[in-house]
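The whole structure should be built from the sequences, with the hints applied where relevant.
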Amino acid sequence: MVFHLVPRCSARLFWASSGWRRTYIQGASVGLKWLGCPRDSYSPLACRRYSSVSGSPEVMLTPERYPVQRLPFSTVSEEDLAAFERIIPGRVITDPEQLEACNVDWLRSVRGCSKVLLRPQTTEEVSQILRHCHKRNLAVNPQGGNTGMVGGSVPVFDEIILSTALMNQVISFHDVSGILVCQAGCVLEELSQYVQERDFIMPLDLGAKGSCHIGGNVATNAGGLRFLRYGSLRGTVLGLEVVLADGTILNCLTSLRKDNTGYDLKQLFIGSEGTLGIITAVSILCPPRPKAVNVAFLGCPGFAEVLQTFSTCKGMLGEILSAFEFMDAECMQLVGQHLHLTNPVQESPFYVLVETSGSSAGHDTEKLTSVLEQVLNSGLVSDGTIATDQRKVQMLWALRERITEALSRDGYVFKYDISLPVDRLYDLVIDLRTRVGPRAKHVVGYGHLGDGNLHLNVTAEAFSQELLGALEPYVYAWTAEQRGSVSAEHGLGFKKKNVLGYSKPPVAVKLMQQLKVLLDPKGILNPYKTLPAQA
Amino acid sequence: MAELRALVAVKRVIDFAVKIRVKPDKSGVATDGVKHSMNPFCEIAVEEAVRLKEKKLVKEVIAVSCGPAQCQETIRTALAMGADRGIHVEVPAAQAESLGPLQVARVLAKLAEKEKVDLLFLGKQAIDDDCNQTGQMTAGLLDWPQGTFASQVTLEGDKIKVEREIDGGLETLRLKLPSVVTADLRLNEPRYATLPNIMKAKKKKIEVIKPGDLGVDLTSKVSVISVEEPPQRLAGVKVETTEDLVAKLKEVGRI
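Taken in sequence, the protein lines are chains A and B.
According to my numbering, the first sequence is numbered sequentially starting from 1.
According to my numbering, the second sequence is numbered sequentially starting from 1001.
Just so you know, not all the hints are guaranteed correct.
[Said to hold, decoys possible] Short derived list, chain A residues pointing at chain B, Cβ under 7 Å:
| id | residue |
| --- | --- |
| 1 | Lys291 |
| 2 | Pro344 |
| 3 | Leu372 |
| 4 | Gln374 |
| 5 | Leu376 |
| 6 | Gly384 |
| 7 | Asp389 |
| 8 | Gln390 |
| 9 | Gln534 |
No wet-lab data here; the hints were simulated from the structure.
Where is the CB? At the ideal position from N, CA and C, for every residue including glycine.
Shown next as structure tokens:
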């Protein structure tokens, strides 16, 4: 399924108005103290503003909206550009029009002002680029598919964007073991098609598959829709090739299932969000393609019933359960309104998508039909449908996968990705709805129920400091109280770098900062992100 | 009060999303273990028949399929969509391979007479053989009028108005019942079979009969000689400038 860049809705013209800016600055000193930033850290514009060529409303430059100061990195000079041109001739981009797209994230919530986009094709080129940047103290922003949800994929100031878009070759695929070795810039959907032709599947799947790069997936330890069945990338990634901050190539691209020789360095880079090294190649274990995939879409009268349906499915489906996603009625209303997707079942407060994957169609269908009979007869489910062919499977998945897209079209989205104990998963949504009241357009909850992962989203006509204040730190404090994670799978990026304290003790954060200094003493890799600035 | 009865023919085919593989001996397409489902056009035909029943213009919808035991799954899907009962014309797997439009048309013609139906719905063609003949042949054997490639169907008493999609645009016919209608893509969007209906469908009756019971001879005068994949498409060549393009064209002798 192709992931489209969503056109901006005209309601966001509001951003550009000066009235909004005034509100923000007033709010900055009060609302942001808790972020740990000194009150006077708001700095004047450090970069030149680019005019919007497409005519659509501009995204506010990140340093204008958030209190962040440019660190004393060098600025790109003509000599630097010449050096890059020598390393990657014809692939050094300085044209403002082309840079525009790479300076803004998919959610259109943060914007940098980088003047240089580099597109290497090989690990050696990445190494030479980084060696030069390290010597010259130039900041670098690694960028894959630019589909991240926390502003981690685009520059904050004028960091050089290093894109993996041209590093899209499959290096090898072993069709007995299912081990795929490929460059970091391969698009996930293309890899999926490649391995599917050979009767395997990728161990992860997400709505952004049409655009995201596998390198980015690994750098953010992406979760996704198949996590329930195939587990984390920390288990399925067998090896990595990484270029370190000074250009050193670390080749741990093994294809072995078991290798206990020393510390497992790849685990450092998985989920490091480009701050410890740039991933250039990945070795990943692909599971065999299931011969039988069934998808059922159910309507539940309440969240308690959703949980009981989950227990029933786990119990009766056992090993064939491969996905269990939930969404609320507002999500269904939004995908219907913005994307014209039809609801296949009668209107219900909650909807559940159950997927089974197995090797025997008859066996799986029998198990699934008996579970569905059970949940239907016991009133846990009020209505449902089973996909009878591949097209229906895709249509049912679209209802869940395209919620993010529908939310983007509804207005400005405040996005939260939280891990909570499963029985309290929806309580936060109800709580928040009451708390924000009419200030928000919609407060919705959906996500990977099977993994205890809630995607909590609040939409409003436009960004509002007041609404932000009502949401943060309330959401984080609530989560911390439940000992949950303030970022289940999206990572920290730029937008959440100061809140990991809600889920990790100070000792842990300090150790992370020490590791960062060890691997990137000059701090040139993806600065301003992931970890809070050291006090 | 409608007393009309409809027969809908459905075919079990390889799911349209599956990547087809040709058997190494070129005798046909690999079907073992491959996902099968109802032919999309047949699904549209079932949906249309069920909608007429819901409008109370048709009293009974019967779903029929010819083939081996697995056809019953396809009939069950039709029942879950709203058909009242099913008929499975059992043909053993080996013989089913030589089951072509003419044989199926003979079966359907006999069934239509036996069940005394007023309407026979089919999909315009099957996505595996693309024959687009069964509906037409059945109408010919029954000497019934036919409205093929239907994009809109309206019942008017003892007649049926069919809007057809043809190359030149849309053609509207009025046919006297009983008649044959084959469904095209834009006729409707088939519904999802909901759980309560799937459960109900399990209890609906599927009658199993043999072609011999209808007095139909299934011998085919057509034999498949070989099935091959289309030739591999050669990769194109990208050029940077117009001069390069002209040079390349000259190189391959095109200009």
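Here is what the structure says about each hint:
Contact between Lys291 of chain A and chain B, as hinted, is supported at the beta carbon level, the nearest pair being about 6 Å apart and thus within 7 Å. Annotation: Pro344 of chain A was flagged as interfacial toward chain B, and the flag holds, the nearest CB pair being 4 Å apart, inside 7 Å. For the restraint placing Leu372 of chain A at the interface with chain B, the shortest Cβ-Cβ distance is roughly 6 Å, inside the 7 Å limit, so the hint holds. Proximity of Gln374 of chain A to chain B is violated relative to the hint, the smallest CB-CB distance being about 11 Å (cut-off 7 Å).
Interface restraint check: Leu376 of chain A against chain B, minimum CB-CB distance 5 Å, threshold 7 Å, status holds. The beta carbon of Gly384 of chain A is positioned within 7 Å of a beta carbon in chain B (closest approach about 4 Å), and the interface hint is therefore held. Taking 7 Å as the C-beta cut-off, the interface hint given for Asp389 of chain A holds, the closest approach to chain B being about 4 Å. Given the 7 Å rule on beta carbons, the hint for Gln390 of chain A holds: about 3 Å separates it from the nearest Cβ of chain B.
Checking Gln534 of chain A against chain B by beta carbon gives a least distance of about 49 Å; that is not within 7 Å, so the hint is violated.
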